[in-house]
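Undergrad: Chain order of the listed sequences is A and B.
Under this note's numbering, residues 3 to 89 are what the first sequence spells out, in order.
Under this note's numbering, residues 2 to 587 are what the second sequence spells out, in order.
It is worth saying that the hints were derived from the structure and are not from the lab.
Values in this document were obtained by computation on a predicted structure and should not be read as measured data.
Hints should not be assumed to be uniformly reliable.
[Said to hold, decoys possible] Just some of the chain A residues that point at chain B, by a computed CB distance under 7 angstroms: (1) ASP47; (2) SER48; (3) GLU68; (4) ALA69; (5) GLY72.
[What the hints assert, rightly or not] Keeping only pairs whose Cα atoms sit at most 30 angstroms apart, straight-line, the calculated DSS-like set for lysine-lysine is: (6) LYS23(A) - LYS160(B); (7) LYS527(B) - LYS562(B); (8) LYS519(B) - LYS23(A); (9) LYS15(A) - LYS527(B); (10) LYS23(A) - LYS503(B); (11) LYS474(B) - LYS23(A); (12) LYS562(B) - LYS519(B).
By construction, the Cβ of each residue, glycine as well, lies at the ideal position given by its N, Cα and C atoms.
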Amino acid sequence: MTPVQTLSAAQIKEVIFACLKQIAPEADLESLSPDVNVREALDIDSFDYLNFMIALDAELGVAIPEADYGQLATLNDIVRYISARLA
Amino acid sequence: MNWEPIRKSREDQVVPPHLLDYAEACATFSWESIRRELSGLPGGKGLNIAYEAVDRHADGARRDHLAIRWLGREGLVRDFTYGDLKALSNRFANVLRWLGVGAGDRVFALAGRIPELYIAALGTLKNRSVFAPLFSAFGPEPVAQRLMRGDAGILVTTKRLYTQKVAHLRERLPQLRYVLLTDAPDDADDGLLSLPRLMEAASEVFIIPPTDPEDMALLHFTSGTTGMPKGAIHVHNAVLMHYATAKYVLDLHPDDIFWCTADPGWVTGTSYGIIAPLTHGVTNIVDEADFDADRWYRILESQKVTVWYTAPTAIRRLMRLEIEPRKQYDLSSLRLVHSVGEPLNPEGVVWGQEALGLPIHDNWWQTETGGIMIANYAAMDIRPGSMGRPLPGIEAAIVRRIDGTGAQVVTAPNVEGDLALKPGWPSMFRGYLHDEERYRSCFVDGWYITGDLAMRDEDGYFWFVGRADDIIKTAGHMVGPFEVESAMMEHPAVAEVGVIGKPDPIIGELVKAFVTLKPGFEPGEKLRMELLGFGRTRLGSAVAPKEIEFEEHLPHTRSGKIMRRLLKARELGLPEGDLSTLEETR
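Just chain B, same shape as in the assembly (with noise of 0.2 angstroms):
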């Protein structure tokens, strides 16, 4: 906490921020009069994500404005106005409907960032159907968990990602009615089918059914530390944090160029990448590529970019760079930056304020709570390191938990604990799917528990800690110990596997497994080899371990589970004695 605070003065704000005093929009903040920022469905027939986001704005005034300019990864550009959005999205809610897909169905999406995956997520919620991305760079395994354990009833996906991953999987999958493919012409099968085809034959009208704000809209996977990943549940209730967060955190104004970084595969990308920037009617960018330093400064620059939110990962990978980018790239667009993910170290804070000429606004939240909870705002000052303080209408803590039932709020500053929220916000997660005792857990005494260690300094600005569980966070993505494990179980040479996060200074961790191999095989090379593919082919490059080292003896509690704590420990260089008090070691 020795870095300076970085000091914001009205004089710096070329648009004034929504919000300029932190302390009155929380004073004077209401869910209620956020709702009466949306639209609501006509008629007072509920409320609906996708009508906030699309149509409201293609019936009024913002009709011909761009909603969605999409990058092609091999320089095509593809725009879409509100209105292109309204009449794409109405097709596909009604190729949904003439498939048999009701409300509540999930609808499942697995490609990269190409338009039909917005129009997709868009027309299933106007079908009061689920939308339920999965990241493209899964490997098979992960999508098969996530398939299965969501009831798949129709995927979103490319030839090549159907044919790597899903079709060796579809005797495995009973319930997944259809495939619609994006970029077959015809239909392969009666379940493997065509979209554009089915696209052009569907009618652009299509009025949105009444939804109840508590209906599910979105379920997003994420990993735990003990099980297979458990599905999120969000409701389109969800869409009054989207909007409020774009207007206080991400502070949005009409004439914005915003860029989300972010896949929508991850909860990111898809509240921030899809549904916030179009709920205030802005223009939203969608690159297709991956990361790539110079290309990313050319759309900063090209694209006239104001809002950008991106995350520690990529600026580590800027920072690299032996640049000095507003002198090679016009940059004068831009307003503010913000950053998500993992915390951002306040080297690349201060990087930002000096390298971009303005500095990176981290903010904190997760798949659960569906919206930015603690964020750095335009007109606050900054203590870089810190994630901020608690968005208008959360209330934050930190907690200490007693005997594994009670949570008593810590309230002298500086003191590490478990960082809870008060429950109760719009959208906070409804349940994971199929899993009520695991949710029930979440909550001690009246607070949702995050999982996430943190402390909170004399002036309500938290700071992260650590995770309080073994779950790794790598470039921004959480990846479950338990699952890696699974899988490489399935080599037979692997006799034990104990998975952790290894500190890296680009990607925050890496995934590393230390493997115990059965009798008869001989650690070497050629198997440490053999055991990366295995697990790039099994889990895909998101999830697979990175590094694989051998090891005679994994530490082991009395009960017999693997301490990937001591694991860890010992990984880097830590004296295993601070940790082997509670469990046995060998």
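Excised from the complex, chain A in its bound form (with noise of 0.2 angstroms):
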């Protein structure tokens, strides 16, 4: 696990893309816009979404509930949410 209190917001987003890079691997990420929705941006099911939680999870430390999904649309939206949670 990544010592987490130390990441900054582009060192989390090496970490979004690593795992994103897992499901989609086909993905040209540099281009993603940091407003637009990931799943349909890059055509991730629900399946393949909740894979994408469970292994940020895992990398990062920071427990993402269930019912926390649907906040984390975007990239900056996932950005936020794991810097508020690692602060």
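Using the hints, build the complex out of the two chains.
TA: In structure tokens:
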């Protein structure tokens, strides 16, 4: 597990990208706008998104309950959510 | 079968169900009486699904009743009364007529759950054209296959989906005359038109032409084991089944607010996400967003949903939440919960009872049947894990196939066999488009063989056992292994592929591909990821393999076919010997 307290937004984004890459290896993540719906932009279905959330949880040690998944639609949402929980 | 039955009593029923006594309902049922509850086209000019769903309400007392409440992903809400739906679907029918689209012509839709999809479906039916929905998470290959096989002349879609999935296929689709974009303000060229512009110019007046109940109305693609997807043909008479099942199973009453969470890209989302609730004149909730547990509970609460039709995959996700839903949300309006798509495990049924205060009513049907065939009912005791009992008017049985040509009904209880239905119900498929032989092969000795294995207990409750073939059921959707294998074979490193459904606790099965590489290619993480991405790009997230494993030698039959069943047995850690008696292994 990554030492969580020291992560910057850029580092969080890097972890997010690594997790997304496992699910959608074909995705061009560099061109992903930070404020678009990630699922729609990358064609990630509900099951893949669940696995993405579980992977983020495992990589960052931030518990993301299922009830919160809906708040995590865009890259910005996810970074904000994780930053708040690491702070 | 060790779960305690869930008993029903009259006192539990806030609204008296339409079906109070199962045996009596079966004994007194007739399709003629169901037909009399529908209107028929004025002047005795036949039967049209869209007239029963929309116009008969719009022309009567329910004109201003809310027909569809659409909840946009970002919070926008759009309401459509029955009067609105009539005017808009008339406009769409006029658009089709103006474009020269006639009776029997196929109108495809590739879109998320947007209002235009619902309007297009109803307008298409009014014009006696054939509505053929495609799931928006299909990749370009499944889209192309279905458009080609279905002779698509018209496609309704969005700019994004068109660009991502269709634009580069146009050369393969010479029959596709017009693409109507729901979100383009202007026409791009002679074949790529703005739907809003066409709708604006079209009249709100449209008289539905005489419609024979046997006229083709809907084309739903479903997966096969050995070949590419097949288009199951449904006719306007299917509306009798939509109406009857919404009455007896969903138990809709005039003031109900109904929410079917299925996408119209699959048969449930059309039969029950569009048609059935509207035939009863109730309010139908449509949510554009995908599964989101908190959002779903908030919709149940804020929209005061009374009858909810959802799926095991979603129920198992809700079960992951560490909350007591009734403490956090006001679910007091909810009266009935139904589930379909794959068997709901007993734990799910009982979870409903505890968490929602309502047991979940599982039911069974498939694309070919057009409507619910076997169900649990509001007033009938539930045996958790059972799909329930056949609808009034439906004869179901367990049969044993004899020499591939005959079928014998198994009368003894609790014996596994083929789940079969006596043909003749109104929403039975009338054919697979351009594939008469495959259609005929579904019928044996006067029975329609469903492809599912089941058993029937001593009281007539049916219990699902498994599929008789290799078709994969993932998140409630059918995926044909052949379609996946064909797409994966196009990768230059791939020599051979075998695709199976790997059991998964959330989505039932996930698509898993076993890949043999061509000489000169080395298995490794990089190639595995490349193949995963390759599958997703071609097939889309709904169909693509989610797992890939390299396998140096795939097991074959003597005739050279890949033995998917053996791959599955290995995956499950079952002894291969149990399955290898009939066919040679390596």
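Undergrad: Would the hint on ALA69(A) be counted as holding, given a Cβ-Cβ threshold of 7 angstroms to chain B?
TA: Hint on ALA69(A): holds, closest Cβ of chain B at ~5 angstroms, below 7 angstroms.
Undergrad: Verify the proposed pairing of LYS474(B) with LYS23(A), using a straight-line Cα cut of 30 angstroms.
TA: Distance ~26 angstroms between LYS474(B) and LYS23(A) Cα, so the pair holds.
Undergrad: If you draw a straight line from the CA of LYS527(B) to the CA of LYS562(B), is it 30 angstroms or shorter?
TA: Holds: LYS527(B) and LYS562(B) sit about 28 angstroms apart, inside 30 angstroms.
Undergrad: Would you check the hint for LYS519(B) and LYS23(A), treating anything up to 30 angstroms between C-alpha atoms as holding?
TA: With Cα atoms ~25 angstroms apart, LYS519(B) and LYS23(A) stay inside 30 angstroms; holds.
Undergrad: Against chain B, with CB atoms and a cut of 7 angstroms, does the hint on GLY72(A) hold up?
TA: holds (4 angstroms)
Undergrad: Sort out whether LYS503(B) lies within 30 angstroms of LYS23(A), counting only the CA atoms.
TA: Roughly 22 angstroms separates the two Cα atoms, so the pair holds.
Undergrad: Does the alpha-carbon distance linking LYS562(B) and LYS519(B) stay inside the 30 angstroms limit?
TA: Answer holds: LYS562(B) to LYS519(B) is near 18 angstroms, not above 30 angstroms.
Undergrad: Taking the least C-beta to C-beta distance, is GLU68(A) closer than 7 angstroms to chain B?
TA: For GLU68(A), the interface hint holds, since the closest Cβ of chain B sits about 5 angstroms away, which is under 7 angstroms.
Undergrad: Please work out if LYS23(A) and LYS160(B) have their alpha carbons no farther apart than 30 angstroms.
TA: Given pair LYS23(A), LYS160(B) holds - Cα atoms ~26 angstroms apart, limit 30 angstroms.
Undergrad: Holds or violated: the hint that SER48(A) contacts chain B, with Cβ atoms closer than 7 angstroms.
TA: holds (5 angstroms)
Undergrad: Was the hint right that ASP47(A) lines chain B, CB cutoff 7 angstroms?
TA: holds (4 angstroms)
Undergrad: With a cut-off of 30 angstroms on the C-alpha distance, tell me whether LYS15(A) and LYS527(B) pass.
TA: holds (22 angstroms)
In the structure shown, no violation is registered for any of the earlier numbered hints.
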